[in-house]
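**Q** The lines below spell out each chain.
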Amino acid sequence: MPRRKLDPLPAAAFHILLALADGELHGYAIMRRVEEQTEGRVRLGPGTLYSSIQALLEEGLIEELEGTGSPATTDPPGGTGSPRERRRRYRLTVNGRTVARAEAERLAGILRIARAKNILGGEYV
Amino acid sequence: MSEKIYGWLLGLYPSAFRHRYGEEVLEDFRECMGRQTTNIGKIRAGVALFADLAAGLPQAWRNRYALPAAATASSQISGVPVFGTLEEEPLRPGSIAMGAVSATCALALFAFVMGHVERRAFVSGNQRMRAAAAGSQTNPGSDAATAEADERLRSAALLKQCSIDKLEEHPEEIGYLQLSWFADPASCTAVVDAAMRRLGETNAVIVDLRETRGGYPEMVRRVAGWFFGRSVTWYNPRAASVAQLATNPEPGSGLVHKPLFVLISSHTFSGAEHFAYNMQALKRATLVGETTSGASHAGAGNLPAAALKEPKALWEGHGVAPDVRVPAAEALGRAETMAAEAIRAGEGQGMPGR
Chain A
1 MPRRKLDPLP
11 AAAFHILLAL
21 ADGELHGYAI
31 MRRVEEQTEG
41 RVRLGPGTLY
51 SSIQALLEEG
61 LIEELEGTGS
71 PATTDPPGGT
81 GSPRERRRRY
91 RLTVNGRTVA
101 RAEAERLAGI
111 LRIARAKNIL
121 GGEYV
Chain B
126 MSEKIYGWLL
136 GLYPSAFRHR
146 YGEEVLEDFR
156 ECMGRQTTNI
166 GKIRAGVALF
176 ADLAAGLPQA
186 WRNRYALPAA
196 ATASSQISGV
206 PVFGTLEEEP
216 LRPGSIAMGA
226 VSATCALALF
236 AFVMGHVERR
246 AFVSGNQRMR
256 AAAAGSQTNP
266 GSDAATAEAD
276 ERLRSAALLK
286 QCSIDKLEEH
296 PEEIGYLQLS
306 WFADPASCTA
316 VVDAAMRRLG
326 ETNAVIVDLR
336 ETRGGYPEMV
346 RRVAGWFFGR
356 SVTWYNPRAA
366 SVAQLATNPE
376 PGSGLVHKPL
386 FVLISSHTFS
396 GAEHFAYNMQ
406 ALKRATLVGE
416 TTSGASHAGA
426 GNLPAAALKE
436 PKALWEGHGV
446 APDVRVPAAE
456 ALGRAETMAA
466 EAIRAGEGQG
476 MPGR
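From first to last, the protein sequence lines are chains A and B. First residue of the first sequence? That's 1 in the working numbering, and the numbers climb one at a time after it. First residue of the second sequence? That's 126 in the working numbering, and the numbers climb one at a time after it.
None of these hints come from the bench; they were simulated from the model. Watch out, some of these pointers could steer you wrong.
Okay, the calculated beta carbon distance ranges per label pair [what the hints assert, rightly or not]:
1) A/Arg-91 <-> B/Tyr-190: 19 to 25 Å
2) A/Glu-105 <-> B/Ala-228: 51 to 57 Å
3) B/Leu-234 <-> A/Asn-118: 51 to 57 Å
Pulled a few chain A residues facing chain B out of the computed Cβ check, cut under 7 Å [unchecked claim]:
4) Gly-27
5) Tyr-28
6) Gly-45
7) Pro-46
8) Gly-47
9) Thr-48
10) Tyr-50
11) Ser-51
12) Gln-54
13) Ala-55
14) Glu-58
Stretch-level coverage of chain B by chain A, calculated; a stretch enters the list once three of its residues show a Cβ under 8 Å from a Cβ in chain A [claimed, not checked]:
15) 132 to 146
16) 154 to 164
17) 170 to 183
In this text, all values refer to a predicted model and were calculated from it rather than measured experimentally. Ideal Cβ positions, reconstructed from N, Cα and C, are used throughout, including at glycine.
Whole structure, please, built from the sequences with the hints as guidance.
**A** Put into structure tokens, the structure is as follows:
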């Protein structure tokens, strides 16, 4: 089997996985969610968003919900509030959750080092 | 307007991506732009979105777009090869025109660059020589990375090996050759010939012998041959045969009718005096500078004195006197002025190759 495409996991892909951790979302809602959860520091545009989504789909880290991508799908909870049509919605797979967790642990490891070296002050948890 | 450009740039993405996500991408673009109320906000968002479009491109092309491994293997007919294509859309007439235009542009650019390189070859060659002259002091590791630098160093070393200190083009396309020694023709003929050929592309030539200690008489005679369209009598006190008492014209030499100035000083010795003396006697060159040292080192040759056709004024003990007497330090400046005048006076055509 060839080396995994998303190894190491790109930042955009990690943010998408995190955005989907609470539940299923469609593309634009993922964009908004990423922006919210990072307090506006990370903004994904459609270009990186959908190419990352496609890569995540191909790696089986997220999956497309059955019955979406067809007309008259209603807005998902936590979406923008306007009714949107023909939007595909995605959710995290078990695999995706594992990968997100592994990535978070990797970052936590780095954080520990930073803290041990006194690069981070006490105000960060 | 910006959406149109965005949609057009989306064409850079794989067609499978566009089929699958194109509509959503454009819709999201509209949504993002619509959220901005101020003009500055719109511009900022637009810039971010365009940058994002570029950033997503590599990932988009890395994706396979074949989720359940279907469709691809279906259409193979036995015996007919199947070719994988990036774009499954048929070519539009616009694409073909675009291809023609970009191919023409590429070709024109290539032709322009080649023409430019050709024209610059001599000048850059000289810069190379100049760099070479300074190269021995500069750090050789700094720019040795490129092949061009290697080539430069090699030709520099070659010139240096053959005692050519400088080979330059001065303003008004005056060729400048500075020798420290007339090198051994056995090893340096090709290099010196190349230098002479390069000098032939200039309008006038200055040969600087102010610090030349001498050299091989055969090389002296060979260099002289470049300045005459036919064989001329060549006085050589150390000639080993009668054949060495005349120059051999170089076919195709560009130097035959070029104004020639030879710089001499009290440090000009032996073979260099020999060159200056003959060029003056043959009225081929104007000598600029100081009277030379006067060291012919005669008597080493094998020919009887009568065969040498000894000229009236030998330089042994007296030195060769310049046509234009100036301190050695000023000789180059004076020669450049005179060469420029000579070029302007059109002597370039009139100078007979005596």
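**Q** Taking the hints in turn, state whether each one holds.
**A** Now for the hints, and whether the structure bears them out:
1. A/Arg-91 <-> B/Tyr-190: 19 to 25 Å: 20 Å, holds
2. A/Glu-105 <-> B/Ala-228: 51 to 57 Å: Check passed, 53 Å falls within 51 to 57 Å.
3. B/Leu-234 <-> A/Asn-118: 51 to 57 Å: 56 Å, holds
4. Gly-27: Nearest chain B Cβ about 5 Å off; hint holds.
5. Tyr-28: 5 Å, holds
6. Gly-45: Status holds, d = 3 Å.
7. Pro-46: At about 4 Å, which falls below the 7 Å cut-off, the nearest Cβ of chain B leaves the hint on A/Pro-46 intact, so it holds.
8. Gly-47: At 3 Å from the nearest chain B Cβ, A/Gly-47 passes the 7 Å test, so the hint holds.
9. Thr-48: With a closest approach of 4 Å, the A/Thr-48 hint holds.
10. Tyr-50: Constraint on A/Tyr-50 satisfied, holds at 4 Å.
11. Ser-51: 4 Å, holds
12. Gln-54: Status holds, d = 5 Å.
13. Ala-55: 5 Å, holds
14. Glu-58: 6 Å, holds
15. 132 to 146: holds (count 4)
16. 154 to 164: Holds, because 3 residues of the stretch 154 to 164 of chain B bring their Cβ atoms closer than 8 Å to Cβ atoms of chain A.
17. 170 to 183: Coverage by chain A holds here, the residue count being 9 at a Cβ distance below 8 Å.
Of the hints listed earlier, there is not a single one the structure fails to meet.
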